[in-house]
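Asker: Model the full structure from these sequences, guided by the hints.
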Amino acid sequence: MATPQPTSGDPAAPFEPVGVDFRSVSPRLVTARLVSGAVSVVVPVVVGAVLALVFSPWWWILAGVPAAIFAATAVVVPRQVRALGYAERDDDLLVRKGVLFRSLVVVPYGRMQYVDVEAGPLDRRLGIAKVQLHTAAAATDAVIPGLPPAEAERLRDRLSARGEARLAGL
Amino acid sequence: MSAADPTPHGAPPTGATGADAPAGDLAWQRMHPVTPFVRGWSVILVAIAFIGHQTLDQLEAVGGAAAAVSQVSGLWWKVALAVVLLLALVFGYAALAWRMTAYAVDDDAVHLRKGVLFRQQRHARLDRLQAVDIRQPLLARLGGLAELTLEVAGGSGSGVAIGFLREQDARRLRADLLARAAGVKARRTGTPAPAADAAAVRPDAGPATGAAAPVDGVPAADGVALVDGVPAAGVAGRASAGRPADGGLDEVDEAPEEQVYEVPAGRLVHSLLRSPALWVVALGLVGVVVAVALTRNFGILVSAAPAVLGGGGYLFQRFAGEFGFRAALSPDGIRLRHGLLETRAQTIPPGRVQAVSLTQGPLWRGPDWWRVKVNVAGYATGENTESQNVLLPVGPRAEALTALWLVLPDLGTEDPLRLLDEGLTGTDPHGQFTVAPRRSRWLDPVAWRRNGFAVTDRALLLRSGRVVRRLVLVPHERTQSLAVAQGPWQRRLAVATFTVHSTAGPVAPAVAHLDAGDAGRLLEEQARRARTARATAGPERWMEQRAQVAEANRADGEPAEAAAPGSAPGLPGGGEERG
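Protein chains in written order, with the working numbering: chain U, 1 to 170; chain Y, 171 to 749.
Treat each hint with caution, since some may be false.
[Claimed, not checked] Cβ-to-Cβ under 8 Å is the rule here; a few derived chain U residues that face chain Y: (1) Pro27; (2) Thr31; (3) Arg102; (4) Val105; (5) Gly110; (6) Ala138; (7) Thr140; (8) Val143.
Don't read these hints as lab results, they were simulated from the structure.
Here the structure is a predicted model, which is why all the values come from computation and not from measurement.
All C-beta atoms, glycine included, are put in the ideal place defined by N, C-alpha and C.
Answerer: Structural data, given as structure tokens:
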């Protein structure tokens with residue numbers, strides 16, 4: 001992804017704020033996403049293949065469609081993971097994501113109500129964790145997946161400390 | 171009903187019928203003893219109906235006329251016994267639940283404990299108070315009871331419902347809570363105030379003080395009031411003449427209030443006649459009748475009934491929920507009263523409104539009517555609560571602007587009326603609004619001229635919609651988080667959608683298809699503005715600052731009233747001490 005200069009009329013302008021360096025997340029997130037995707041696909045594929053071999057080749061559809069979707073996902077996921085980024089500024093946290101549908105969320109530290117750190121069994125094995133910020137607005141979609149646990153912990157502590165320092169009512 | 175006499179709730183503890191075991195120094199109070207009946211009457215009715223139905227079924231099962239009268243009479247015995255047992259069980263449980271439910275108020279929080287098997291104790295901090303509602307369902311209203319609900323911004327279900335109480339007790343408690351939340355601490359004297367006395371003092375406290383102030387302060391009809399600050403002076407003058415100035419508060423008076431507008435029933439009905447929902451329902455009915463007439467198949471009637479009933483129900487709820495809508499302004503914030511069968515009196519303290527929207531459907535254009543809705547943290551959205559988030563159900567533009575003024579008394583711009591007019595109806599790309607570029611017409615061919623934003627010192631204005639016009643305002647200090655988003659088509663046209671995240675509610679501030687550069691700059695600037703606005707925002711305890719001002723003035727030898735006009739305290743919007 002190129003980093004063009006933010007000028008008016010440049011479609012990427014809102015996503016490349018001046019003077020902000022986004023940190024990317026761990027590439028292990030690709031593995032995590034692909035593994036969980038594969039697990040959900042494996043049952044229909046196996047069942048479809050067995051039925052196709054035993055009964056009629058039409059059953060290949062049942063196996064083929066999920067497999068094709070999975071193949072497409074496998075192409076997109078690495079790009080999605082590369083597009084994920086976050087940046088800590090003095091007063092707010094920026095979270096950027098998306099390839100086709102891009103978004104950038106700005107969460108002021110003073111607005112944070114709490115911070116969640118989550119890691120499932122697969123995530124733990126791969127050594128990644130997910131940090132989620134919550135404000136009083138349910139729409140705030142500030143999730144940073146795929147952080148190394150140490151970084152997740154550091155971020156959590158830092159966000160809490162900054163949130164406390166800047167906390168304002170609602 | 172019961173031997174226990176209800177305590178004068180909200181009054182100092184009498185010890186007579188107080189709590190069983192006061193934990194710490196909290197004075198636990200009980201609800202009114204008939205609470206379970208008011209809450210559970212529908213359950214009881216359903217239970218009785220169910221048993222009745224079962225009995226009939228059994229009778230039928232016993233069948234045949236010849237099936238012996240003795241059997242039937244035997245059955246009646248059983249049924250009567252079952253009903254008595256059930257009632258005893260229900261009432262026993264209700265009595266137990268009532269005994270286990272109690273509330274207490276101290277200077278910082280409201281405590282509520284309840285539950286028989288699963289004990290729950292809830293503790294709501296008063297400085298987090300977002301709104302106080304007094305709700306009176308029909309049955310409670312007939313019995314002079316009311317339920318008080320405190321919203322404390324913890325998401326849905328985090329509110330504290332105290333009820334049912336006698337109506338005047340609920341009002342007393344509300345005044346007490348608001349005074350504490352405002353930072354005007356009620357002095358707790360050891361002597362209990364007799365309930366009768368309190369009831370006598372109470373009702374005329376508001377109007378009496380209210381009458382003292384001239385009505386000229388009412389912003390009423392002309393939106394000019396937005397600019398000149400006259401109403402501000404009127405209200406504020408009374409505000410300081412009211413509570414904070416007279417120091418010691420033996421009895422917490424309800425803050426005086428001044429009615430700002432009301433919605434006549436005629437206009438409400440007329441507005442519903444002009445709402446699309448009614449036309450959908452009417453057309454649906456006509457369609458059903460025609461279909462039935464043509465096909466002679468009455469089954470259609472049955473299958474269409476739920477949809478028609480649903481539409482009719484929605485219309486009735488709007489009518490019943492917004493009937494007799496009155497808005498008033500008091501130092502404790504905005505007061506709203508409405509309801510036909512179930513009435514609700516809401517108090518939204520200053521600075522608690524997170525976002526406001528003004529909308530106008532196509533059929534409301536003729537009379538130039540607008541509907542004003544607000545987001546308040548803690549007001550859950552869902553069925554039955556639609557009217558809770560309404561600031562003005564329907565009103566002419568001037569009234570809508572007055573409603574807006576209740577929330578944002580100072581828009582932070584030189585010519586607010588022109589700006590607002592442009593926001594409400596404007597389509598001009600060269601005005602004070604920064605609008606979406608012409609190329610965005612491919613994505614939004616109808617309304618692209620309306621998509622735009624404007625920024626003042628105090629708020630962000632987002633306008634959109636051509637068929638349904640909409641203007642959303644978010645005070646800078648109420649911004650939660652911000653976002654820009656861009657889909658593939660938007661990317662091709664170099665436009666982006668800008669969103670402000672607000673607390674849960676009917677208002678979702680966003681503007682689509684802005685120029686990508688504009689959206690990026692807006693994101694950046696808005697983050698900065700929100701930050702500075704937060705730093706200077708008014709205190710959570712909205713009276714504290716005013717009390718300090720009054721103190722300072724008294725020290726200077728000036729009358730307390732002089733504190734008011736300039737800084738206009740007492741105005742909602744949490745904007746004290748900002749010029």
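Asker: Does each hint fit the structure? Answer for all of them.
Answerer: Verification of the hints:
no., hint, verdict
1, Pro27, "violated, 25 Å"
2, Thr31, "violated, 27 Å"
3, Arg102, "holds, 5 Å"
4, Val105, "holds, 4 Å"
5, Gly110, "holds, 6 Å"
6, Ala138, "holds, 5 Å"
7, Thr140, "holds, 5 Å"
8, Val143, "violated, 12 Å"
The structure is inconsistent with the numbered hints 1, 2, 8, although it conforms to all the rest.
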